[in-house]
Each structure stands twice: as C-alpha cells, then as structure tokens.
Amino acid sequence: MRRYATIIAAACLMLALAGMGQAQSTTTLSVAVGPEASLTVTTGTTTLASGSTTFSNPFTGTTSLTYKIRTTKVGGTGTLSLKITADFSGTGGPSVTTPPTSGDALTYTCTVSSPGTACTGTVTASTSSATSVATFGAAANSTSAGNSASTAWSLTDDPVYATGTYTATATYTISAT
Amino acid sequence: MPAGGATGTGTQSLSAVIDAVGALTAPASASLSPNSTAFQPFTGSVSLSYQARTTPAGGGSIGLSMSSDFAPAGGPSISTGALTYTCSGASLGSACSGMQTVSTTAQTPVLTLPASACTGGGGACSNLNPNSVNLTFTLTDSPAYPTGTYSAKITFVISAT
Chain A
1 MRRYATIIAA ACLMLALAGM GQAQSTTTLS VAVGPEASLT VTTGTTTLAS
51 GSTTFSNPFT GTTSLTYKIR TTKVGGTGTL SLKITADFSG TGGPSVTTPP
101 TSGDALTYTC TVSSPGTACT GTVTASTSSA TSVATFGAAA NSTSAGNSAS
151 TAWSLTDDPV YATGTYTATA TYTISAT
Chain B
178 MPAGGATGTG TQSLSAVIDA VGALTAPASA SLSPNSTAFQ PFTGSVSLSY
228 QARTTPAGGG SIGLSMSSDF APAGGPSIST GALTYTCSGA SLGSACSGMQ
278 TVSTTAQTPV LTLPASACTG GGGACSNLNP NSVNLTFTLT DSPAYPTGTY
328 SAKITFVISA T
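Here the protein sequences line up with chains A and B, keeping their order.
According to this note's numbering, the residues represented by the first sequence are 1 to 177, in order.
According to this note's numbering, the residues represented by the second sequence are 178 to 338, in order.
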C-alpha cells in the first residue's frame, strides 16, 4: 500500500513539469533627459488700444504665453526674448525701426511666473536685436502644463500717425542649456 | 562465444515526451531617444526573439513586468503611468493590441500564442526560427524632470502550455 502511494505521487509530479514551459529575460531601459524649452503664445492677436482721444494715453495691450523649460542642473541657463520681426505695416503710422517722431517707441514690461525672472523695468522693442523677457538659472523646471508669462505693450500715441490699422509681428524665442 | 552459439534480439521502446516550451531573449539594454520637438515623448524600440511550442490544447503568452522603476528618483516614473508601449510584427502568435501602460504591479501583455504553435521548420510551424516581436516604448517628457540619465529594468516572461 505504501509503495502505490509513492508511485502515484511521482507520476503527478512528472505531469506537472510537462505541462508548462516558462522563461524570462530582462532589459534595462535608459533615457538621457537634457535641457529643453518650448513656448506657446496664447494670445492670438494682441490689439493695442488707447482709451484717450487727447493723445494723453499710449496704445496698450498684453500678450500672454505659456512656456515650458528644463535647464541643466549644474551650470544651466535659459532665456526668453522677443524681437519685432515685422514692423508696423503701412505708411504714415507708427514704426519701430524709424519712429516718425523722436521718442516714439514700442515698449513693454514683463510678468513671468517662477522659475523665470522677469525683465527689469520698461524695455524698448527692437527690429534689429532680441530683447529680454525672462531669464532662467540652473535646475529650472516648469510644470508639466507649462508656466505663464506676459508682456504688457505700450505704443506712443503720436498725433502724426495717420488714422488706420497697423500690424506688427513680435516673435518670442525661448532657449535652455 | 561458443561454437554454434545462439544469437538473440531484443527490442527497446523509445519514447520522447515533447513538452510545451518557451524561450526568449531580450536585449540587455535599450535607449529611449528624445523627440525633435521639445517635451514630446522619448521613444525607443526593443525586439524580442522567442521560440515556443504549445500543445494542441494549450497556448502561451509573453508578458512584461517592471523589475525596477526609473532611477534616480525625481525623474520619470513608471508608477505615474509615464511608460507605455505598443507591439507589432509578431512572426508567431498575435502581438498585443493598442497602447499598453507598463505597471509597477501587474504583468501586461506583449503577445499571445495559439494552441499547437511551434517555432521554425515551416509547415504547421512558423518559417522563422527564432520568432520575433517588436515593442515601441514611449516615455512622457515632462519639464518637471531634472536633467540626468535615468534607468529602469523590465522583465519579459514567456509561458507555454
């Protein structure tokens, strides 16, 4: 009786071994995360308007944008800047390149959420060189959804401007190292 | 041997038990490359080689599980669902369908083997030996990740019955 029990147990074990084959292999996935930056201008067209009819107030408007940035942990930097890549169209109106009157200017101030540091004071926009909107230090990381920034524009209301609608283009650039 | 000695014959039954078997080889390492557009996902491919034999009443599968999450901490993490993959090009069996999210706890599908599947030889078996299946991994690229190099380990398991 004891012998039969032993044989039955051994047979069951062999059946189990024959029923299934299994093996495994492992892979290490690696990723190098480097500095990156991107931005989206969320204001489609910024309209500059003046509430004054007496030339006492400049034309003003605000352009909003969302930026994403990641700078290197040690020694990294970042910049957000803008440049007027197309001056006001038409003749007889405002001009960034050649203002009709000395002192006429397109200027802006900056509002930038952390981790950016906004430009200081009032900056005069230029068609020849990029001007600062924000700077970033090492180990700067925006949120996954991006962080906010804006430029508040001011354009001199000069009586010499002919009536009409004038359009210029400001191009924003962000970079990270 | 004495003169006039007898000769004899004997028979021996030979039997082979052909079991269900699965074997696979994955590359030791694979890199996920950045997208040319900022903050678009990292991607990378892994090709698995496998051999399988399933019984007429059986079947099989290849699954994927996480052995260790991305390290060092602070960067991408499988626990947040950041690592996904798709499967394609299975030369034996059916590759997984749609996008799969790698789990920290559960095995996720790579491939399903039918009954009576076998690798190589043609005929009722596949023509290729070994068989292969491709996985394309996608890892979210968040600005919140600090710069650096991160590594995770994943384990592929093949089973056949």
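Careful: at least some of the hints might be erroneous.
Unchecked claim - Where chain A lies over chain B, by a calculated footprint (3+ residues, C-beta under 8 Å):
hint : region
1    : 202-209
2    : 301-309
As the list claims (entries may be wrong) - Partial chain B-side listing against chain A, Cβ under 10 Å, derived:
hint : residue
3    : Gly199
4    : Arg230
5    : Pro233
6    : Ala250
7    : Gly252
8    : Thr313
9    : Phe314
10   : Ala321
11   : Tyr327
In short, the hints are calculated from the structure, not lab data.
Don't be surprised by glycine CBs; every beta carbon is placed ideally from N, CA and C.
Against the structure, the hints:
no. : hint    : in the structure
1   : 202-209 : holds (count 8)
2   : 301-309 : violated (count 0)
3   : Gly199  : holds, 5 Å
4   : Arg230  : holds, 8 Å
5   : Pro233  : violated, 13 Å
6   : Ala250  : violated, 13 Å
7   : Gly252  : holds, 6 Å
8   : Thr313  : violated, 12 Å
9   : Phe314  : holds, 6 Å
10  : Ala321  : holds, 5 Å
11  : Tyr327  : holds, 5 Å
Going through the hint list in order, the structure does not satisfy hints 2, 5, 6 and 8.
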